[in-house]
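Visitor: If you read the sequences in order, they're chains A and B. The numbering used here numbers the first residue of the first sequence as 1 and each following residue consecutively. The numbering used here numbers the first residue of the second sequence as 1 and each following residue consecutively.
Where hints are given, some of them may not hold.
[Unchecked claim] Calculated from the model, a selection of chain A residues having no Cβ within reach of chain B, i.e. all distances over 12 Å: (1) P72; (2) Y84; (3) E326; (4) P345; (5) D352.
[Unchecked claim] If you want the footprint, here are the derived chain A segments under chain B, 3+ residues with CB under 8 Å: (6) 198-208; (7) 230-242; (8) 274-285.
For the record, the hints were derived by calculation from the structure and aren't laboratory data. Glycine included, every Cβ here is placed at the ideal spot set by N, Cα and C.
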Amino acid sequence: MQNGRSGALAFAPAPLLEVKNLSVDYLAANGTVHALTDVSISLARGQILGLAGESGSGKTTLGYAITRLLRPPAVITGGTLLYYPATGEPVDILQLTPPQLRAFRWNTLAIVFQSAMNALNPVLTLGTQIEDVLRYHRPEMNREQRRARVVELLKLVGIAPDRIRSYPHELSGGMRQRSIIAMALALSPEIVIMDEPTTALDVVVQREILTELIRLREQLSFSIIFITHDLSLLLELADTIAIMYAGRVVETATCRQLQSQPRHPYSYGMLHSFPSLHGPRQRMTGIPGSPPDLRSAPSGCAFHLRCPFAISACSEVLPTLQHPTESMLDQLVACHMYNPALTGPDLPTNADFAQGYEAAYATRKRR
Amino acid sequence: MNIEYSEANSSPAIAQHVQPPVLEAKHLRKYFPLRQVMLLGEKRVVHAVENASLTLSAGRALALVGESGSGKSTIARLLARLYEPTSGVIAFKGEPVKSGKSALRAYRRHVQMVFQDPFASLNPIHSVRYLLSRPLRLHKLARTKKEETEQILALLDRVSLSPAEQFIQKYPHQLSGGQRQRVAIAHALAARPEVLLADEPVSMLDVSIRLDILNLLLQLKDEEQLALLFITHDIASARYFAEDTMVMYAGQTVEGGPSDEVIQRPSHPYTKLLISAAPDPDTMTGEDRRAVTLPARGEIPSLIRPPGGCRFHPRCPHAMPVCRERFPGRSDLGGGHWTHCFLYGEGNLAAADAATKDNASKITVTTRDDQQEL
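Let the sequences and hints guide you as you build the complete structure.
Guide: Listed below in structure tokens is the structure:
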């Protein structure tokens, strides 16, 4: 593929949304925070793209940037956001005028916010809040039509229609999250961005919501950008996963590829940070250190201070997203371990990663 | 690398006979009165914990698993004597704990807590030195200023905050979440406790740091022979961390025993529900993603007027009339594994057998390595 270097993966079907070299800064009084640097991802039609990273890795900022919800002190300093409609020319989201943006949001692109607690207005009933969207975006609908649509939406996400007159405080956490999802789906958008939609919920409720989501997606065929810190959740849910670290995408791969052979040392470390329910109990090593301060990110690869495999080049030269080898077109990784000039032609395997982390853990323990 | 199991660990039932429990709680109950003016009728209370019994032994960890509102944090606070139990006995090394200021202070020297949120549990206006010097002074563990500094440095070293000389003068806002939690752990260790009650010690931390903190706690448990209570909502980390696991639902303890037993062969319908709901990338990915059918829907009931009998019965796929009437007694399943469920007994073995067979056809959690018939 001609633009493989810019982050489009060869295996992906026609893109629906493409983020190209996006950078976002937060202009803070005590130094500029580079929240996103040169981020490129692409969401294919009908797929679930998972964004995984720790807090501060820039995943929420990316979600907000795509919806153009960022407010000062956040500034988009570069890049393009392209939306490819089913028919017609691609649309540059960053160039939309305010009226165009209003028409684009919710109709095409909706967002489900992190905490359902705060996303609902406590003094309005659920029905009013969902109807609000319709009143604004579908002025041609009359009152009965709107009501009917609200009831339909609530049924869709598994809420009894008599809840239409309930206030948010009368709903449980799971129901609030469902109603937020119902609201996002009100105008049948093509893309839904979900920012940690289940983080505040208990496991059982989380499972119910996820099952619901998979069912809804099959029924309504929208595409999802699913943002979470819980990689084990993404492995169950997503088609493609982008791993973010310190404001950059460090690896993009299909779910299966990532699970069987992660390429970036950080991805391997993340994958092996979740204890398993099956198999022998293993002593897990975790990733040493903690995420960097983005005001003064380390030179070169931001992960090099925590990486058990860092070589001298890692602190000097920033690795770019590339295919691990010429033939592996369905994976992208930003790591010098895949630069034959620096580390030789052999690719690191899971065993190599395990050994490296094991050794790093042993030195930490001895200290 | 497998965790090296010591011999005592491989047979927990025997281990408990050899080692007397450090902390033992029997039939703990906690009701919180509701502050409401009720002219008629009885006073309403929140039934937070009902009849919970547990033992903590030196060098072992017990995980308490449940959803929010299951009463697991209340148990930790009861054990730390931050709450007065409504009824029940807490015994430290065989001696019932007395109330009264000096008795409680002596008790708390031995039983310390680590809280969930290190951003809230450390006072932001004090330096690490001051924070860690408080328990040393309160319990008269350091006589001179020099001794105090030495002990604080040693504490910081033990929680792997190095160089300790640098960390001693920092303030909480200068530390990352993981470092704060390490300070909070050092703070708990300062009094040289024998029991550590950790209430969701890693759930507020970044994913990549969680394991580091868990491993630190495991290391301390082994080195200092601490008796650990580990409260978590994540059943997979319970298995990773603790030798024993106890599952709670709506204030009632429903199942317990060696972690592997409980998690690999869950018997109570609620435990099965929890395990089938947990994210599990080992099951399936990509196109053939599994459609998990949860065996039971619904939510944790109100604890003000909880359902009678077993509180899980409104959601339980196997509920019988008897489940509404009374809470089942403890049925022993062998190897230290027990549960409170009528499916497993109260003498009526034939009925239990039939029910388990019935289960197998209803709930089947498909796993990759084996098709476990639960």
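Visitor: Determine which of the earlier numbered hints do not hold for this structure and return their numbers in increasing order.
Guide: Going through the list in order, the structure violates no hint and respects every one.
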